[in-house]
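Numbering (this note's numbering), first residue to last: 10 to 124.
Simulated from the structure, these hints should not be mistaken for lab results.
As the structure is a prediction and not an experimental result, all values here were calculated from the model.
Each residue gets a CB set at the ideal place from its N, CA and C atoms; glycine is no exception.
Just so you know, not all the hints are guaranteed correct.
[Said to hold, decoys possible] Between beta-carbon pairs, the in silico distance windows are: (1) S30 <-> C81: 17 to 25 Å; (2) R68 <-> N21: 13 to 21 Å; (3) L52 <-> S31: 16 to 24 Å; (4) S87 <-> V17: 19 to 27 Å; (5) T57 <-> V101: 36 to 44 Å; (6) L37 <-> Q64: 32 to 40 Å; (7) F32 <-> T57: 19 to 27 Å; (8) P39 <-> C81: 33 to 41 Å; (9) P82 <-> S34: 18 to 26 Å; (10) S54 <-> V101: 21 to 29 Å.
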Amino acid sequence: WDISVKEVKVGNVRCLWNWPSSFESPELVPAKCLYVHGGAFCLGSPETHIQLTSQIATRGQIAVLSPDYRRCPEFPLSAAQEDCIEVYKWMVENCQSCGGDAAADGNTIASNKGV
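Using the sequences provided together with the hints, build the complete structure.
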């Protein structure tokens with residue numbers, strides 16, 4: 010995939026931007042997507058899902074932001090939701106779509122309810 014990747018901090022949450030390399034930066038990509046990875050709230054990271062988020066970015070010609078939310082058992086379940094809400098609020102003005110997989114659907118829904 011012809012993709013660029015950049016690590017950023019949104020509040021206290023480490024995130025990865027993936028976007029088509031035809032754009033200089035994720036800010037220049039017209040459409041943006043928040044992608045919350047799955048992993049039953051205890052596994053996974055933006056890096057474990059980078060092939061998928063790179064495909065989404067390339068095929069959709071969008072910038073994809075994936076948060077590295079806090080996971081169990083080191084943190085309570087509510088920590089993951091708090092992190093996702095924080096990132097969602099940060100993106101709300103630019104986000105064109107929001108999605109995830111498996112446990113991430115619960116985080117995505119919880120994030121939308123928490124706003």
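To see whether the hints hold, each was checked on the structure:
Hint check: S30 to C81, Cβ distance near 35 Å, so the stated range 17 to 25 Å is violated. For the pair R68 and N21, the supplied restraint of 13 to 21 Å is violated, since their beta-carbon distance comes to about 31 Å. The supplied range of 16 to 24 Å is broken by L52 and S31, whose beta-carbon atoms lie about 33 Å from each other. A hinted range of 19 to 27 Å holds for the C-beta pair S87 and V17, which are about 23 Å apart.
Between T57 and V101, the C-beta spacing of about 26 Å breaks the proposed range 36 to 44 Å. The given range of 32 to 40 Å is broken by L37 and Q64, whose C-beta atoms sit roughly 20 Å from each other. Take F32 and T57: their Cβ atoms lie about 24 Å apart, and the range 19 to 27 Å holds. Evaluation of the 33 to 41 Å hint for P39 and C81 yields a pass: the beta carbon distance comes to about 36 Å.
At about 36 Å, the CB distance of P82 to S34 disagrees with the hint of 18 to 26 Å. Hint check: S54 to V101, Cβ distance near 23 Å, so the stated range 21 to 29 Å holds.
Hint compliance for this structure: hints 1, 2, 3, 5, 6, 9 are not met, and every other hint is.
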